[in-house]
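Work out the full structure, taking the sequences as your base and the hints as a guide.
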Amino acid sequence: MFAGLQGWHLLIILAVILLLFGAPKLPQLARSVGQSMRIFKSEVKTMKDEDGSERPADGTVPGSTATGTTGTGTTLPPETPIK
0 MFAGLQGWHL LIILAVILLL FGAPKLPQLA RSVGQSMRIF KSEVKTMKDE
50 DGSERPADGT VPGSTATGTT GTGTTLPPET PIK
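The C-terminal residue of the sequence shown carries number 82 in numbering that gives the first Met the number 0, and the numbering is unbroken.
Treat the hints as calculated values from the structure; they're not laboratory data.
One or more of the hints may lead you astray.
[Said to hold, decoys possible] Each pair of labels, with its calculated beta carbon distance range:
#, residue 1, residue 2, range
1, K24, D50, 35 to 43 Å
2, G21, E49, 22 to 30 Å
3, E78, I38, 55 to 63 Å
4, V32, H8, 51 to 59 Å
5, T45, A2, 34 to 42 Å
No residue lacks a Cβ here, since even glycine has one placed at the ideal position from N, Cα and C.
Dropping the structure here:
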């Protein structure tokens, strides 16, 4: 995606950002981006923890049957993994 970017391209991008936001606002902008990333990471971790705690130890999905039926009305053999 960024294979064609060279050093001078990045300098131009940084200069445009500096012109748009101004030097005094850049530290505040970086701080808010960092804070947003921390919040996002903590929410993703919370979702993963909640997702893992709801599944039984044998790895089956709650409410699923042993015959391998899906919600679309098709029946799969038990040895076929459901994706």
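Comparing the hints with the structure gives:
About 38 Å separates the C-beta atoms of K24 and D50, a value consistent with the hinted range of 35 to 43 Å. Under the hint 22 to 30 Å, the C-beta atoms of G21 and E49, about 41 Å apart, miss the expected range. For E78 and I38, the hinted distance range of 55 to 63 Å is not satisfied, since their beta carbons lie about 43 Å from each other. At about 21 Å, the CB distance of V32 to H8 disagrees with the hint of 51 to 59 Å.
For the hinted restraint 34 to 42 Å between T45 and A2, the CB-CB distance of approximately 36 Å keeps it satisfied.
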